[in-house]
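Asks: Build the full structure now, drawing on both the sequences and the hints.
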Amino acid sequence: MTDPWWVRVARSATATAMMSIALFVLAIVYTSTGGSARELLIKELLINLMLVLGLQVFMGNTGILSFGHLAFAQVAAYAVAICAIPIATKSQQLPDLPFGLGDVHLGSLTATLVGVLVALALGAIVGIAVARTGGLAAAMITLAVLFVVDQVVKNWQELTKGAGGLSGVPILKGTLWLWLAAVLAMFVAHWFGETRAGRFAVATREDEIAAPSLGIGMFGARLTAWTVSIAVIGLAGSLRVQTIGSTNPRQYTLDAAVLVLAMLVVGGMRTVTGAVVGTVVITVGNETFRQLGDPQRLDIERFPDLFLGAALLLVMLLRPGGLLGDIELARWLRRVTRRSRPVTGRVAPERSAPLVADDIEVRFGGFTALDGAGLRVQPGEVVGLIGPNGAGKTTLFNVVTGLVESRSGVVRLGDHDLSRSRPHDVARAGLARTFQNLRLFANLSVRENVTIAALAAGRYRRGEPPVDVDGLIAAAGLTELSDRQARTLDYGNQRRLELARAAALSPEFLLLDEPTSGMSDDESAAMVVQVRTTAASVGAGVLVIDHDLAFITRISDHVVVLSEGVVIAEGTPDEVRRSPAVATAYLGSGA
Amino acid sequence: MTTLLQNLVDGLGRGSTYALLALGISLIFGVMHLVNFAHAELITVGAYVAYGLSTRDVNWWVLVVAIVVSSVAASIAIERVAFRWVRDASPFTMLLTSFAIERLSHALWQVLVSPKKKSFPGPGWAFDTWTIGSVRFEIMDLLTIAVTVGVLVLTALVFRRTLFGIAVRGAAEDFDAARLMGVRANRVIAGAFAYAGFLAGVAAVMILMRSPTAEPTLGADWLLKAVVAAIIGGLGSFSGAVIGGLALGLAEVFLRSYLPDGTPQRLTDAFVFSLIALLFIVRPAGLFRVATAERV
Amino acid sequence: MLEVDGLTTRYGAITALHAVSLRVDVGEIVALVGPNGAGKTTLLNTVAGLLRPAGGTVRLDGDDVTGRDPAALVRAGAALVPERRRIFRDLTVEENLRLAGITASKPDRRRRLDEVRDLFGVLAQRWSTSAGYLSGGEAQQLAVARALMSDPRLLLLDEPTLGLAPTLVDMIFDLLEQLRAQGRTVLVVEQSARRALQLADRGYVLRTGRVVAEGAGADLAERADLFAAFVGIGE
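Residue numbers (my numbering), protein chains in the order written: chain Y, 22 to 612; chain U, 7 to 302; chain A, 115 to 349.
Computed, partial: chain A to chain U, Cβ under 8 Å:
{"no.": "1", "residue": "Leu164"}
{"no.": "2", "residue": "Asp183"}
{"no.": "3", "residue": "Pro184"}
{"no.": "4", "residue": "Arg189"}
{"no.": "5", "residue": "Leu194"}
{"no.": "6", "residue": "Pro196"}
{"no.": "7", "residue": "Arg200"}
{"no.": "8", "residue": "Arg203"}
{"no.": "9", "residue": "Leu205"}
{"no.": "10", "residue": "Glu209"}
{"no.": "11", "residue": "Ala214"}
{"no.": "12", "residue": "Ser264"}
Chain A residues, not near chain U, derived (Cβ > 10 Å throughout):
{"no.": "13", "residue": "Met115"}
{"no.": "14", "residue": "Gly120"}
{"no.": "15", "residue": "Ala238"}
{"no.": "16", "residue": "Arg240"}
{"no.": "17", "residue": "Val283"}
{"no.": "18", "residue": "Arg294"}
{"no.": "19", "residue": "Gln312"}
{"no.": "20", "residue": "Gly331"}
Since the hints were derived computationally from the structure, they do not count as laboratory data. Note that the Cβ used here is the ideal one computed from N, Cα and C, for glycine as well.
Replies: Here's what the structure looks like:
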């Protein structure tokens, strides 16, 4: 299914090495002509790189905007400064240092470690809030954090010496440590993308409703990404203060945060490659425009700011995904080094638990969507759910899968009561679904879509046999397209992909919401085959909503007819088709 | 008691300015789902226009008109030139576009005029005070409150009585349904930006009367609080924006006066932001929900 | 009055309408029926200008209005009563109606407000109430009244009886008759397929983006295989 851990580490290392070497070569060429000013630029570039990568690990993988990351870099920087400044110098700047820190003096390595740990400690608290809320509110929380930290630093004079900042931090000799740290940051960013946690975070970014439907918990995925990103940015802050030799709040303002944001976004925040490219482009661009704006040349003050604003604006208007979009070096490596490892001897598991929904009542305000509806699906059975528009079919699905709360009634999988369960718990119990409006992970490839579900199965559905990702893709007829981004597929293929992804959860039941919607008659016929094959290979029963009665007739063992929130008929497909009550439900009764 | 009253007026004065700015931000969000981080740049525009005109020795009333008019014009221009192109993009893209414009604005003023502050004469009576009994009020505070009340009444009238106002409210609720009624998309959005520009212009007048300086980062100082106030109130809600702004102003003033003596003023900002963070954790959608349902 | 020729509309990767053709003659009621997802709403939205077709033409009284935006369609004399009504819940009944009259001159608007007030007694009683407090039936009447504010020659209605109790369904069908009596042309998408076809002069059955049956309304309503055509059970 996925490659063993050492393969993934090796891949991250290779991608990192390739980027590092490219950067190194460029740096050598650049600094060979020209003096220490150029060396300073390289140092600035490396620090920027770490800051941006720290932000990328979180923003790129969760899609949540963060203004506050720089606050944690600042926290780390001050922690390092307080620990690393020689005691004599320190007592001059911070005579009233509390907590006995006046006697602390650590070497640079230990101090760096302390910096990262302090950043993590603070980051954990904020991370819990951010991971819980998500969206614009989370962005606002991070903005608030940026300001709070800024104000505390400026005002807690005993600890920080206020707005003046601290100086006298021992400077690291040469650029070796900086390079090592930058390479480490690149490696961590790459490696996180290869981990299961990273893949889960990406899933939450792509679709907030589909991710939990595969068993992925939004909170845990976001918090993990946040924590790793804080570690990297803590490292960045720690190294920055030991490169410049001093730290002060002016380095960590909202302006600075927007600069880092711009570097990330211009290149493309979803990929490490994009982050690196963006950083180089903006850093070099800034320097170029600063020189151009020199009094001896064009004599324009603050030319770089103009460049930054214009660059950001142009990218947003013309290429909002960033210059590189989704082009990722590591992904290309993955494709090139992939070895097919077919899963053999996989036996579909035996299932014994039926899916039961009983006497479900749902009201939306004054409107009764479901009025005591219920149904039962035996293991391995295929049940069709039909009914006119507005009958409540999708609402019933939403109740079963935990997206909508019912006023009364019971949902059970065997003995397991799922009535009040949240969507990710329902998925983990063994119910996988597809959606009426298609919820694929649009920017990920076909293979990646299915693999994430398989990873979720591996994590949350222990005891299931390993998932045959290639087999599921083949059953969906998508083998040739497995590296294509999901949003570039034509509609029929997208529907088939959604089915394959749901099946990769190795569920006990598949709930399919209008899988043939928009398909031609031929495609519907092919869908019958895919549903049967796929369900059989994972041993799943099927509950399917659809309006194409030909499809329903061919695929169902049993059909349930819903109309205005109530079950009005059920039986074999033929019985239902001939029932006048059903015809009336669809066509109305006439005048 | 005296302190209470003075704080109240002080807080409402500050809050009024936040309210006007927040209202503009909420208005734009309503029709476009864009959180406009460049909104406060309109204050900077007004400031430089005032500075430019002040060298010609004109009456302050002329400056008032010029500030408001230039703010409206700039708002319409920004929509036409930049935001129109990202109208259907993701909220993230729109947000970053507004950031880019904010950056560009800072940079342009620095390049075209100067990075340094430029002062110009304020109206003579700006720092006068008025004493009733033992209570002393700043005229500026009273004026700000009075003007804001007037503008809010005007806003209520415009949005309840005029067809333009009704069209904007309808479009904010359901843009496509408004188009089906015959409302022209471009006009209603441009109109919203224009009115938001008017609100920002009035806010700018109040700010500049008290502190007549033009500098590139003038907008930035007000931006954050305004955005936060709009979001606290719940984006898209008019009353929410006003209440959010007033609450923020009052919170700032009262916190400052009740924190122990010697606590630096800047630390009050820290408290305010901490409270705000707490609010977002507890009620992520803001105080006044503008509900949107997502179909699965 | 309305001529739709070879209309094809896409939603991202889906082709929702495949070269659909239909026509509505002056003074007719034409019913458009079909299962969910057939493309009926897509068709109305394309005609009304909310969606841009990928191919084909829409002609209103001989004028090519393909791809024009909704405001232009309203001015050309076509008004849509959208699916689920989409009334402005934050606005009062009066404000909803005034807004819908935005394309008219002030005196025309005032006159039509009075006309609508007379026609819909229930709305007159709720004139200053927030539309969000209206019941389903009242909301549907408001939606139709709004469309009438632009004095359209062609009315497009998308599932006007959706979610309404049987007595209100009767009321809606009476309303359609009244509109025809006023000399307006109506294209209505309806859930209650049989009844709508019985009322209509002509009808079309749409399935997966294609017309699968057409004819005189009464004929279609009596067809034995109507259900089969509807849900696509092959022979």
